[in-house]
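Enquirer: Chains A and B are the protein sequences, given in the same order.
For what it's worth, this note's numbering labels the leading residue of the first sequence as 1, then goes sequentially.
For what it's worth, this note's numbering labels the leading residue of the second sequence as 1, then goes sequentially.
Among the hints, a few may not be true.
Chain copies aren't distinguished; within one or between two, either way the pair holds.
Unchecked claim - Cut-off 25 Å, straight-line C-alpha distance, at most; resulting in silico cross-link-like pairs (BS3-like, lysine-lysine):
1) K6 - K26
2) K9 - K119
3) K84 - K158
4) K119 - K56
5) K20 - K9
6) K158 - K56
7) K72 - K6
8) K158 - K72
9) K26 - K56
In case anyone wonders, no lab produced these hints; they're calculated from the structure.
No experiment lies behind these values; they were computed from the predicted model shown.
There are 2 protein chains.
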Amino acid sequence: MPYQVKPWKLISSVPALEEKWFPVRKDTVELPSGRIVEDYFVWEAPHIVKVIPITKDGKFVVCRQYRHALAKILTQFPAGAVDKGEALEQGARRELQEETGYTCNELVHLGSFAPYATKMTGITDIFLAQNATPNGEPQYDDQEETEVCLMTAAEIWKLIGQKEPHMIDLPAALALAEHYLQSTPQK
Amino acid sequence: MPYQVKPWKLISSVPALEEKWFPVRKDTVELPSGRIVEDYFVWEAPHIVKVIPITKDGKFVVCRQYRHALAKILTQFPAGAVDKGEALEQGARRELQEETGYTCNELVHLGSFAPYATKMTGITDIFLAQNATPNGEPQYDDQEETEVCLMTAAEIWKLIGQKEPHMIDLPAALALAEHYLQSTPQK
Numbered sequence: 001m002p003y004q005v006k007p008w009k010l011i012s013s014v015p016a017l018e019e020k021w022f023p024v025r026k027d028t029v030e031l032p033s034g035r036i037v038e039d040y041f042v043w044e045a046p047h048i049v050k051v052i053p054i055t056k057d058g059k060f061v062v063c064r065q066y067r068h069a070l071a072k073i074l075t076q077f078p079a080g081a082v083d084k085g086e087a088l089e090q091g092a093r094r095e096l097q098e099e100t101g102y103t104c105n106e107l108v109h110l111g112s113f114a115p116y117a118t119k120m121t122g123i124t125d126i127f128l129a130q131n132a133t134p135n136g137e138p139q140y141d142d143q144e145e146t147e148v149c150l151m152t153a154a155e156i157w158k159l160i161g162q163k164e165p166h167m168i169d170l171p172a173a174l175a176l177a178e179h180y181l182q183s184t185p186q187k
Numbered sequence: 001m002p003y004q005v006k007p008w009k010l011i012s013s014v015p016a017l018e019e020k021w022f023p024v025r026k027d028t029v030e031l032p033s034g035r036i037v038e039d040y041f042v043w044e045a046p047h048i049v050k051v052i053p054i055t056k057d058g059k060f061v062v063c064r065q066y067r068h069a070l071a072k073i074l075t076q077f078p079a080g081a082v083d084k085g086e087a088l089e090q091g092a093r094r095e096l097q098e099e100t101g102y103t104c105n106e107l108v109h110l111g112s113f114a115p116y117a118t119k120m121t122g123i124t125d126i127f128l129a130q131n132a133t134p135n136g137e138p139q140y141d142d143q144e145e146t147e148v149c150l151m152t153a154a155e156i157w158k159l160i161g162q163k164e165p166h167m168i169d170l171p172a173a174l175a176l177a178e179h180y181l182q183s184t185p186q187k
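Please model the entire structure based on the sequences and the hints provided.
Expert: Written out as C-alpha cells, the structure reads:
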C-alpha cells in the first residue's frame, strides 16, 4: 500500500429486471483477486441533465418537487432525463423551460457526475444558466408537479444546513456554480 | 403557479426484484392529479455513511476505487453501508478504518443526503473526521480495493474540474466540509 487499483473483468451480463422505467442487469465479474462474483446488479439508469438557473440579480431558480422514494418534498435545481437523440444542451434548455418556465442564453457545462457509480450507470451533466428569464408557464406532466422558488446562495446553504435529507445534488451543484462564478470574470 | 406541491398516495407495493444485493419494489401510487400509476419502481438501497477525513496538516484522505457501473476508477471519500444494528457514527469509524487505515477522534455530522430521491430509498450520512491519523493497514475485502491518497482541497477541486465523470458526492462532501470549517472556530 498504496498500490494501483485494477478494474474488474466483465464475464457476462443478463437482464435481471426488464422494465422500461427500471431496467436492471446482472453481471458476472472477475475481481482482481481472481474471485468470480456471479450476481453484481447494475441499474441502467437514464442520462440526466441538471440546470442551475441564475437570474440577472443573482437569485437561483429552484424547484420544490415530491420525490417518491423518500416520500418527501425536496428543493432541487431543475433536471430530467435526456430524450433519445437529444443533445445535452438541448435537453437542459427543455428541462429548464418545462420545469420552471425560464429560458436562458448561454449554458456553461460544469461537469459530468455519477449519482451512484457502484450500481447505477446514469450520469448527470450539470449546466449553469446565467441570466435566466421567466418566459411563460412551466409545462410539466402530473408526475413532476413543481413549485418554482427564487433563492439566494446563502438561503440554499442555510436550507442544506437543516438536518433533514436533501438531494446530494443540491450542495454539489451549488458549490460547482459558486466555484465557476468566483473563478470567471462576469460579463 | 406557484402553488404548494402535494405528496403522492401509496396504494400498494409489491417486490419486483427479490435479490439480497438489489431489492426493487413496484409501487402503485395515486398522483395529486388523481391519475393512478401502477409501475413506479423503487430500489431499496442501503443506508450509507461517508467520512471526510482531514489530517492535522489539512490534507484530505481520499480513496481511489473501481466503480463497476461506470467501469472506471474514481476518487472519493471513504464510505460504505451501515451494518444492521450499527449506529451511524460507529459505521463511519468502521468504514474509515477499513478503507483507509485511519482513525479519528470527534466526528461531526454534516447532514443526510439522498443520492437519487426519485427512485432510490438510500440515504448517505456525511461526517467530518478532523485530525485523522494513520492507524495500521486498511482491511477491505476484494470488492473494495482501495488506493489511499492525501490531497489538498485545491487539488480535489482541480480534479473535479477535469471533464470526466466524478461521483456527485465528491464536490458535495468537499463543499460541506469547507463550509463547516469556514464557519466553525478551529481548536
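Enquirer: Have a look at K9 and K119 and pick one of within, between, both or neither, based on CA distance no larger than 25 Å.
Expert: within (16 Å within a copy, 28 Å between copies)
Enquirer: Is the C-alpha distance from K158 to K72 at most 25 Å within one copy, between copies, in both cases, or in neither?
Expert: For K158 and K72, only the intra-copy Cα distance (19 Å) is at most 25 Å; the inter-copy one is 34 Å.
Enquirer: At 25 Å max between alpha carbons, let me know whether K84 reaches K158 within a copy, between copies, both or neither.
Expert: Result: close neither inside a copy nor across copies, 37 Å intra and 32 Å inter.
Enquirer: Give the relationship of K20 and K9 under a CA distance limit of 25 Å: within one copy only, between copies only, both, or neither.
Expert: Result: close only across copies, 22 Å inter versus 27 Å intra.
Enquirer: Could you place K26 and K56 in one of the four classes (within, between, both, neither) given a Cα distance threshold of 25 Å?
Expert: Classified as neither; 48 Å inside a copy, 43 Å across copies.
Enquirer: Within a copy, between copies, both or neither: which one fits K158 and K56 at a CA-CA cutoff of 25 Å?
Expert: within (22 Å within a copy, 28 Å between copies)
Enquirer: Between copies, within a copy, both or neither: which fits K6 and K26 at Cα up to 25 Å?
Expert: within (21 Å within a copy, 36 Å between copies)
Enquirer: Given identical chains, is K72 near K6, meaning Cα to Cα at most 25 Å, within a copy, between copies, both, or neither?
Expert: The answer is between: 9 Å across copies meets 25 Å, while 39 Å in one copy does not.
Enquirer: My question is about K119 and K56: at a cut-off of 25 Å on alpha-carbon distance, are they close within one copy, between copies, both, or neither?
Expert: neither (39 Å within a copy, 34 Å between copies)
Of the hints listed earlier, those the structure fails to meet are numbers 3, 4 and 9, in rising order.
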